[in-house]
Amino acid sequence: MTFDLVELGHVAVILALMLSLVGVAAPILGLRTRNGAWIVMGRQAVTLIFLLLAIAMGTMIDAFLTRDFSVKYVAATSNSKLPLFYTVAALWGGHEGSLLLWVFILSAFCTTAVWLHWRTQPATIPYLIIVESALMFGFLALIIFLSNPFERLIPAAADGKDLNPLLQDPAMVMHPPMLYMGYVGFSIPFSFAMASLFSGRLGEEWLKVTQRWTIFAWLCLTTGILMGGYWAYYELGWGGYWGWDPVENASFMPWLVGTAFLHSAMVQEKRKMFKVWNLFLIIMTFSLSLIGTFLVRSGVLTSVHSFATDPGRGLYILLFLATVMTVAFGTLIVRSPKLRSLIQLDSIVSRESVFLFNNLFFLVAMFTVFLGTLYPLIVETMGRNKVTVGPPYYNAVFMPIALGLVFLMGVGPSIAWRKASMENLRKNFLLPAVVGLAALTAALAAGIRSPLALGGLAVVGFVASTIVFDFGKLTAFWAARQHVTLVAGFFTAFIKNQRRWAGLVTHFGVLILIIGIISSTIYQTEKVVSMRVGDRLQLGPYTITFKQLHAVTGANWTAQEGVMDVTRGDQFIAEMRPQKRIYDVSMTPTTEAAIHTIHTGQIFVTMPEVSQDGTAMVRALINPLVLWVWGGGAIMGIGVILNLFRPKRDGT
Amino acid sequence: MSAAPTPPLPPPTPSPMDAPSGGEDRFKLRGWHVALVASLIGLFLLFYQGLWGDPSAIPTVLIGTPAPTFSGPTVVDGSTFDLSQYRGKVVMVNFWASWCQECRLEHENLLALYNQFRTNPDFVMVGINYQDKLEDARQYLSVYGSPFQQVRDLKGTISIDYGVYGVPETFIIDKQGVIRHKEVGPIVGPDYNLLTERIIPTLLQSPGPSAS
Chain A
1 MTFDLVELGH VAVILALMLS LVGVAAPILG LRTRNGAWIV MGRQAVTLIF LLLAIAMGTM
61 IDAFLTRDFS VKYVAATSNS KLPLFYTVAA LWGGHEGSLL LWVFILSAFC TTAVWLHWRT
121 QPATIPYLII VESALMFGFL ALIIFLSNPF ERLIPAAADG KDLNPLLQDP AMVMHPPMLY
181 MGYVGFSIPF SFAMASLFSG RLGEEWLKVT QRWTIFAWLC LTTGILMGGY WAYYELGWGG
241 YWGWDPVENA SFMPWLVGTA FLHSAMVQEK RKMFKVWNLF LIIMTFSLSL IGTFLVRSGV
301 LTSVHSFATD PGRGLYILLF LATVMTVAFG TLIVRSPKLR SLIQLDSIVS RESVFLFNNL
361 FFLVAMFTVF LGTLYPLIVE TMGRNKVTVG PPYYNAVFMP IALGLVFLMG VGPSIAWRKA
421 SMENLRKNFL LPAVVGLAAL TAALAAGIRS PLALGGLAVV GFVASTIVFD FGKLTAFWAA
481 RQHVTLVAGF FTAFIKNQRR WAGLVTHFGV LILIIGIISS TIYQTEKVVS MRVGDRLQLG
541 PYTITFKQLH AVTGANWTAQ EGVMDVTRGD QFIAEMRPQK RIYDVSMTPT TEAAIHTIHT
601 GQIFVTMPEV SQDGTAMVRA LINPLVLWVW GGGAIMGIGV ILNLFRPKRD GT
Chain B
1 MSAAPTPPLP PPTPSPMDAP SGGEDRFKLR GWHVALVASL IGLFLLFYQG LWGDPSAIPT
61 VLIGTPAPTF SGPTVVDGST FDLSQYRGKV VMVNFWASWC QECRLEHENL LALYNQFRTN
121 PDFVMVGINY QDKLEDARQY LSVYGSPFQQ VRDLKGTISI DYGVYGVPET FIIDKQGVIR
181 HKEVGPIVGP DYNLLTERII PTLLQSPGPS AS
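Top to bottom, those sequences are chains A and B.
Residue numbering for the first sequence follows this note's numbering, beginning at 1 and increasing consecutively.
Residue numbering for the second sequence follows this note's numbering, beginning at 1 and increasing consecutively.
It is worth saying that the hints were derived from the structure and are not from the lab.
Some hints could be false.
Covered stretches of chain A, going by a simulated chain B footprint (3 or more residues, C-beta under 8 Å) [claimed, not checked]:
| hint | region |
| --- | --- |
| 1 | 266 to 273 |
| 2 | 334 to 340 |
Some chain B residues close to chain A (C-beta under 10 Å, calculated; not the full set) [said to hold, decoys possible]:
| hint | residue |
| --- | --- |
| 3 | 26 |
| 4 | 37 |
| 5 | 139 |
| 6 | 149 |
Backbone N, C-alpha and C fix where the C-beta goes; we use that ideal spot for every residue, glycine too.
Isolated chain B (complex conformation) (with noise of 0.2 Å):
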C-alpha cells in the first residue's frame, strides 16, 4: 500500500501475563478503588435511566391534576382577577415577561388564538406577569397589545404553583378545573395548529362541571 520501506519488526514484547509480580505488589483491594468503581456504576445507571426520558418533553405531573387557583391584581388597572371566578370555563394561562424575547415570538398567535375564540362564551384567556417591572410590562402591553386579561405574580406564588421554570408556558384547563395542556416555549407552528384546531375545540365541546 506504501512505498516506504517497513521498518524492523518490533522485539518479542513482554505479555503482561508474564510480568513477575513481587509480594509487596500483590493487589490490595484500597478505598479508591471502591469509590471508583461505585461512582462508575452509580454515573452508567444514571445515563441509562437518563436515555428513556424525552428531552423535551417536560413531565407531566401537573396534567391531570386540578389546576392551583390564584388571584391577584391585573396589569393595567389593578384590580383583582380571580382564577375561581371562572370555574366551568376552558382557561387558558399563558405565562409570559417583557424581558423574554420568545414570549414577542408568541405574541401574535396569541392575539390570533384569542380573536378565534373570544365569541365562544366558554374561553377565558389569562396571562401571568411573571417576574416582571411593572411599567415594563406596561410598556410590553402597549406596543404589542393585549385584548384580554393580564395578571401580575406579585410574589412568584403562581409561577411556582404551576412549576413554571421558564417563560413562556401556557397551561389549558378545562371545564372541570383539571390541567390538560402543557406548553413549554412559543406557541408556533404545529403547536399552535395542534392547540387552536384539536385541544381548545374539544375541550370547549365537552360538557361543564353541572353535567357531570
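Excised from the complex, chain A in its bound form (with noise of 0.2 Å):
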C-alpha cells in the first residue's frame, strides 16, 4: 500500500495514546525528584498530543471528503451524494467520530491552559498536566481499543450508507462541538480543582484561574443546549424543542450543575466559603458530562437518539467513569478536614444564604432531572417492565423549581451580603414585589388562568423590575455624579461593574427565554388533521387552505410538497410548503416543517404522512412568542460575552 493519510492519522492517535502516559508520567517523576524538566516534558507531551489529534482529525476529515469508503466510519456515516458541507460534519455523525472530536478538542483545551497559566500557577500545572492526560489517556484507549473510526472496511464498500438524514442539518452540524466544548471546557476547571486538592494548595487561586474557563465551557453548553433545541424543532417536525428525552437530559444535568458551580464560586471569591461546596460542584458538573456521554453511548437508556450499543464499550466507560469519580470524590473526601470555612453564615436573609438556596434549587432540580432520566432504567433493575417518563412528570416537578429560581435570580443580585437590613430590602425589593404583583393582577384581568403561568408572570414582572430598578439607580448616581446625560452615565455605570451587569444581561435573557417556553407550552394550538387538495382548516384565527400536492427533488432526496396558503380573514397571510422527504440512499423519511413568523410568535406546519391518493395528514400548530426562547438565549450569550471580554481589573 502506497502512503496512505487514514494510516497516519492511525498511527498519530496511537502515538497520542502513549504520549498520554508520558504526561501522566512525567509530571509526577518531576514532583518526586523536584526537578522542572520533568514537568517541561509533560507539556511537550500534551502539546504533541494536540498536534497528533489535529493531524487525525485532518486525515479522517480528508478520507471524508475523498470518498474513502475503505475506511469503516467513512463509508458508515456518509455517501457519495452527501453535500461537501455535510461531509465534514459527517465526522461526528457516529460514535466513533465523536469521540475523536472530544477528545481533540480536550487536547486542545489542556493545552493552552497550560500554555496560558504556566507563568501564573507553576505550583498547580504539574498536578493539571498529570490529571488532563490521564482524562486523554481514557479517551485515547477507548477510541483505540474500542471504538476506532480508522478501521477498515475489506473490501471496501462501493458507496456508503450516508449520515442520517435527520443530522443533515446546519443547526446539527454545529450543535455537537458546541456541547463537547461544554462538557470539555468544564475539564478544565476540574483539573485545577483537582490540582488543588492533590497539591494542598487548597485557597481560592483556583477559582479566580478558572473563572473564564468556567464562564466560557458554559456559555459553549448553553449554546449547544438551545442549538440542539432549535434543530429538534424544526427538524424533528413535532412542533416543540424540547421533549425530556435521556439524551437531552445527559446535556442538560451538567448544565444545572454547571450553573449552581458558576454562582456558588462567587460566593466563595468574596466570602472565603463554599470552600468543599464548591469543589463537589465542580466534580459534579464534569462526573455529569462524563455520565451523560456513558447513558449516550452505552445504550443504558431507551431514547429517540438511537446510538450504536456495545455492552463491552460501556462497560468501559463505566470503569472509565467509576475511577475518575472514586478518584475526585475520594480526594475531596479525604481533604475535607483542611477545607473548612472559617466564616460561617451571618443571617439568613443574605445574598450568601439566597446563594445557598440557588445551589440547593440547582442541585435538586438536576435531582428530578436525574431520577426521571434514570428511573426506567431504575424500574427495569428491579425486574418491571420498561416504562418511560415523560413531559407530564418534568412539567409538574422541574417547572416549579425553575421558577423558584428565577425569583432568587431577582433577590441574589440586589440583596446585601452577610445581613440585609430591613431598610436593604424594602428600598431593593417593595417596588419589585409590587410591579411583580401588578404583573399578576393584570394576568388574572386578562383570563388567563394557568398556574405555571401566572406564577411565571409574577416572578419575571418581578425580577424584571429589579434588575431594571438596580440599572436605573446607578445610572442616575453616575449621571449626577460626572455630571452627564442618563445615556453617558448609564455606560459608566456599566463600564465602572462590568462583571455585575453582564451577569443581569444574562438574567434578563433568562427572563426573556422564560415568558418564550411558557408562552409556547401553554398557549399553544394544535391541529392534526387528514386533507385533500381543496380541503380548509382552520387553526385559530388563521385558515389554512390546502393548493397543491407535489413532487420536488434536493441533491439527495426527493419530496412530496404541500403548497398551502395561510390566510386570515380575506387578508393573506402567507404561503407554506411543508415537505415528506425520502432521502435516496438510505431510504429515511424525514418531515420538513414549514414555518411562518408572525411577530414573535410562529406557523408550524408539517406533512407527517401522505398516502399515495394524495391525502395528506396535516399537523398545524400556532407556537404564540416561540422566538423569545431563542432571543433569550441569544440576550444570554450577549451577556456571558460582555462578561468574558471585560476589563481585567482588581484581579476578578
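Join these two chains into a complex; the hints should help.
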C-alpha cells in the first residue's frame, strides 16, 4: 500500500495514546525528584498530543472529502451523494468520530490552559497536566481499542450508507461540537480543582484562575443545548424544542450543576465560604458530563436518539467514569478536614444564603431530571416492565423549581452580603414586589388561569423590575456624579462594574427565555387532520388552504411538497410548503416543517404522512412567542460574552 | 516543536505528602462522606446492571404466558367483541390510536398483512383503540380503512392487562391462547417480514388445542 493518510492518522492517535502516559508519568516524576525538566516534558507531551490529534482529525476529514469508503466509519456515516458541507460534519455523525472530536477538543483546551497558566500557576500546572493526561488516556484508549474510526473495511464499500438524514442540518453540524466544548471546557476547572486538592493549595486561587474557563464552558454548553432545541424544533417536526428525552437530559444535568457552580464560586471568591461545596459542584459537573457520555454511548437508556449499543464499550466507559469519580470524590473526602470555612453564615437573610438556596434549587432540579432519566433504568433493574417518564412528570416537578430559581435570580444580585437589614430589603424589593403583584393582577384580568403562567408572569415581573431599578439607580447616580447625560451615565455604570451588569444582562435573557417557554408550551394551538387538495383547516384565527401537492427533488432526496395558503379573514398571510422527504440512499423519510413567523410567534405546519391517494396528514400549530426562546438565549449569550471580555481589574 | 521561548521552570512544588497535618485537621468520618460513598456505589451498581439490558428489547414478561382475555364494544357499531370466542385461533392484537403518528406508518402494512392471512380460518386480527375519542377513531378508520375488527378500550383495562406503554404495540397469541410475540413500534421493514414469513405462518401450522 502506498503512503496513506488514514494510516498516518491512525498512527498519530496511537502515538497520542502513548504520549498521554508520558503526560501522566513525567510530571509525577518531576514532583518526586523536584526536577523541573520533567514537568516541561509533560507540557511537551500534551502539546504534541494536541498536534497529533489535529493531524488525526485532518486525515479523517480528508478521508471523508475524498470519499474513501475503505474506511468503515466513512462508509457508515457518509455517501458520495452527501453534500460537501455535511460530509465534513459527518465526522461527528457517529460514535467513533464523536469520541475523536471529544478528545481533540480536550487536548486543545488542555494545551491552551497549560501554556496560558504556565507562568502564573507553576505550583498547580504539574497536577493539571497529570489530570488532563489521564483523562486523555482514558478516551484515547477507548478510541484505539473499542471504537476506532480508522478501522478499515476490506473489501471497501462501493458507496457509503449515508449520514442519518435528521443530522443533515446546519444546526446539527454545530450542535455536537458546541456541546463537547461545553463538557470538555468544564474539565479545565475540574482539573484545576483536582490540582488544588492534590497539591494541598486549597485557597481560592483555583477559582480565580478558572473563572473565565467556567464561563466559557457554560457559554458553549448553553449554546449547544439551545442549538439542539432549535434543531429539534424545525427538523423533528413535532413542533416542540424540548422533549425531556434522556439524551437531552444528559446535556441538561451538567448545565444545571455547572450553573450552580458558576454562582457559588462567587461566594467563595468574595466571602471565602462554601469551599468543599464548590469542589463538590465542579467534580459533580464534570462527572455528569461523563455520565452523559456514558448514558448516550452505552445504550443503557432508551431514547429517540438511537445510538449503537455495545456492552463492552459501555463497560469501559463505566469503569472510566467510576475511576474518575472515585478518585475525585475520594480526594475531596480525604481533604475535607482542611477545607472547613472559617466564616459562618451570618444571617438567613443575606446574599450568601440566597446563593445557598440557589445551589440547593439547582441541585434539586438536577436531581429531578436525574431521577426522571434513570427511573426507567431503576424499574427495569428491579425486573419490572419498561417504563418511560415523559413531559408531564417534568412539567409538574421541574417547572415550579425553575420558577423558584428565577425568583432567587431577582433577589440574589440586590440583597446585601452578610445580613440584609429591613431597610435594604424595603429599598430594593418593595417596588419590584409591587410590579410582580401588578403583573399577576393584569394576567388574571386578561383571563390567564394556568398557575404556571400566572406564577411565571409574577416572578418575571418581579425580577425584571429588580434589574431595571438596579440599572436605573446606578445610571442616575453616575450621571449626577459626573454631570453627564443619563445615556452616558448608563455606560459609565456599566463599565464601572461590567462583571455585575454582564451577569444581569444574562439574567434578563433568562426572563425572556422563560416567557417564551411558558407561552409556547401552555398556549400552543394544535390541529392534526387529514386533508386533500382543496380542503381548508381552521387554526385559531387563521385559515389554511391546501392548494397543491406535488413532487420536488433535492441533491440527495425526493419529496412530496404541500403548497398551502394561510389567510386571516380576507387577508393573505403566507404561502407555506411543508415537505415529506425521502432520502435516496437510506430511504429514510423525514418531515420538513414549514414555518412562518408572525410577530414573535410562529405558524408551524408539517405533513407527517402522505398517502398514495393524495391524502395528507397535516399537523398545524401556533407557537405564540416562540422566538422569545431563541431571543432570550441570544441575550444570555451576549451577557456571557460581555462577561468574558470585560477589562481586567482588581484581580477579578 | 514550538519556537516560543520556554517559560521559566516552575519552582519545586510542595507535594501532598509534605503538607503538615495540624491536629484539628485530622480526618474524621462525617455523615456526608458516608452518604456520598453510598450513593456513588449505588449509582455504579445501577449502571453496571443497566449495561446488560438491550434498550430496544422489551421485557418478555408476558411472552409465554396466557393472554389476558378481554371484551369490549367495537368502534364501528358498538357491538361486543369477546376474545374468548376466538380460542383455538391465532390472534393478532394491535393497539393503536388516531393521534398516534407511528400507527399511520404501519397501517398499510397491517392491511397487507390482513389480506395475506384473511383466507385462513384460523387467523383473527383485532385492533384495540387506545385512549382515543370515538369520533376521532371513526374518522381515522374511514380515511385509512379497516377490514378487521376494532375494539374500544373504554377504561384502559385491556392496555393495562397487556402492559402497553405506548402505541403501536402488537401481540401475537397462539392457538393455545398463549402470547408468543410482542412487537413494539410500527410493523415496518424486517419486523413485517418476520411476522408475515415466519411467526404467523408457523403458529398457523401448529396444531390447535384439541390436538394437544
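Do the hints match the structure? See the list:
With 0 residues bearing a CB less than 8 Å from a CB of chain B, the region 266 to 273 of chain A misses the requirement of three and the coverage assertion fails. Counting residues of the region 334 to 340 of chain A whose CB lies closer than 8 Å to any CB of chain B gives 4, which reaches the minimum of 3, so the coverage claim holds. A hinted interface residue such as residue 26(B) counts as satisfied when its beta carbon comes closer than 10 Å to some beta carbon of chain A; here the least separation is about 6 Å, so the hint holds. Using the Cβ-Cβ criterion of 10 Å, the hint placing residue 37(B) at the interface with chain A is satisfied: the shortest such distance is roughly 7 Å.
Annotation: residue 139(B) was flagged as interfacial toward chain A, and the flag holds, the nearest CB pair being 8 Å apart, inside 10 Å. The beta carbon of residue 149(B) comes no nearer than 22 Å to any beta carbon in chain A, farther than 10 Å, and the hint placing it at the interface is violated.
In this structure, the earlier hints numbered 1, 6 are contradicted, and the remaining ones agree with it.
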